[in-house]
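> Each residue of the sequence shown is one higher than the last, beginning at 86 in the working numbering.
I should point out that these hints are in silico values taken from the structure, not numbers from a laboratory.
Quick caveat: nothing in here was measured; it's all calculated off a predicted structure.
Yeah, the Cβ is synthetic: ideal placement off N, Cα and C, and Gly gets one too.
It is possible that part of the hints are untrue.
[Unchecked claim] Per label pair, the in silico range of CB-to-CB distance:
no., residue 1, residue 2, range
1, Arg127, Glu211, 18 to 28 Å
2, Gly464, Leu384, 14 to 24 Å
3, His156, Thr186, 19 to 29 Å
4, Asp171, Ala452, 30 to 40 Å
5, Gly299, Asn429, 13 to 23 Å
6, Gly464, Arg420, 28 to 38 Å
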Amino acid sequence: MFFISYSHEDDKDTKNIQQLDHVLKAYGLKTWIDQKNLPAGRMEQNIKKIIECERVEGYVLYVSQHSLRSHPVCEWELKPALKKRDHDPNFIMFFVLEGITFEEFKELSWRKFGVDLTQYYYQRIEEGNRLQTYHSVAQKLLDSKLQQVTEPLSEWVLNLYARGEDPKTSNKQPHLQIDLSYFFAERIPQQQEWEEIIIPAWQGIKRKIAGCPGRIHLQSNVLLPTGIAFGRVFHAATKYCLTFSDQEGWQTEGSVKDKAPLRQESHRGREDSDNIILEVGIAQDTRKATNDYVEKHHLDYRAWHSLKAEECSRNFIASPQHAYDTMTQIAEKIRKCSSEYPGNILIHLFYAGPLALAFMIGHCLNAVGPIQLYEFHKGLQQYEQGLLLKMND
Numbered sequence: 086m087f088f089i090s091y092s093h094e095d096d097k098d099t100k101n102i103q104q105l106d107h108v109l110k111a112y113g114l115k116t117w118i119d120q121k122n123l124p125a126g127r128m129e130q131n132i133k134k135i136i137e138c139e140r141v142e143g144y145v146l147y148v149s150q151h152s153l154r155s156h157p158v159c160e161w162e163l164k165p166a167l168k169k170r171d172h173d174p175n176f177i178m179f180f181v182l183e184g185i186t187f188e189e190f191k192e193l194s195w196r197k198f199g200v201d202l203t204q205y206y207y208q209r210i211e212e213g214n215r216l217q218t219y220h221s222v223a224q225k226l227l228d229s230k231l232q233q234v235t236e237p238l239s240e241w242v243l244n245l246y247a248r249g250e251d252p253k254t255s256n257k258q259p260h261l262q263i264d265l266s267y268f269f270a271e272r273i274p275q276q277q278e279w280e281e282i283i284i285p286a287w288q289g290i291k292r293k294i295a296g297c298p299g300r301i302h303l304q305s306n307v308l309l310p311t312g313i314a315f316g317r318v319f320h321a322a323t324k325y326c327l328t329f330s331d332q333e334g335w336q337t338e339g340s341v342k343d344k345a346p347l348r349q350e351s352h353r354g355r356e357d358s359d360n361i362i363l364e365v366g367i368a369q370d371t372r373k374a375t376n377d378y379v380e381k382h383h384l385d386y387r388a389w390h391s392l393k394a395e396e397c398s399r400n401f402i403a404s405p406q407h408a409y410d411t412m413t414q415i416a417e418k419i420r421k422c423s424s425e426y427p428g429n430i431l432i433h434l435f436y437a438g439p440l441a442l443a444f445m446i447g448h449c450l451n452a453v454g455p456i457q458l459y460e461f462h463k464g465l466q467q468y469e470q471g472l473l474l475k476m477n478d
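Generate the whole structure from the sequences, applying the supplied hints.
In structure tokens:
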């Protein structure tokens, strides 16, 4: 967990630090911000106890003209963090500089604290490039955190959640806790948030954990399109095998035994349309909800393909082998839709099935797209437009 320190004097600082917090969480870095997390009571003592806590592995100071004048920031937060660093060389110190130069920060740190704070990690926010700076901060923190993983690993354990509590469904301790709850707070993330924050963060994780080991164990409670998107980032060409805490034995490695576990139906539409409808009904029949969406939004299509269980049920997938066969059939259908129709085809994927299978499907979709994903709103009993997966995601 990283303690994020900043001044509350300026609303601009608060807004900026909230965006940094969202980026760090998308990278799987758990954070503690006093605005949301401090218990009531004696403020100074509570802050010092939190920083001294064993779970707090690093300290991030948003350095602005306001924070360097703030008595609580300097005395209650920074000094205890420096003291902890003196006793624990693995404790991570990071400074994000806003409106202050490297030379000014170095001189001020000597004068005010008697130490050169530039000896630790720091990153200066470049004008007009704030979000990219936050990604750079997150990547450096992630790298520092993962360098401290010294024991031999058989797999990476990642918790991925968007609503509710961290989905720890086994006794495995996560290496990273990817918290997307801000982006899914009573809404679906905007396409820009996917493209500028969430997907780049996952790609950053992929680069940092590349090579060793080749297995990722997922504990998750995200929405189905999010599972497809995550699986797409960690696609088969990356040589990762995905496994799941809530579906024992399911994984993305194997060989096919049954080529058609789902029943297939197709019918043609307008030859001049650039849209392909693909509905996948496993946990429930998707026909009515898909048809309602198509009619409501006047969505023309060149072809409509259905892959359905003989009897739609949450328990349709009977075994890990059945899951692998189903994954393969769905992925091959998507690839076929992408390749057999000429022109700029957009695949509209309406999926209703197990979350683990959504990850597995995405894992098979390298260099396929674009694919428009849809999320089923249970309360309204209708589909809503979600993420657009592009060819290069």
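> When the structure is checked against the list of hints, which entries are broken? Sort them ascending.
As far as the earlier hints go, 1, 4, 5 are violated by this structure, in ascending order.
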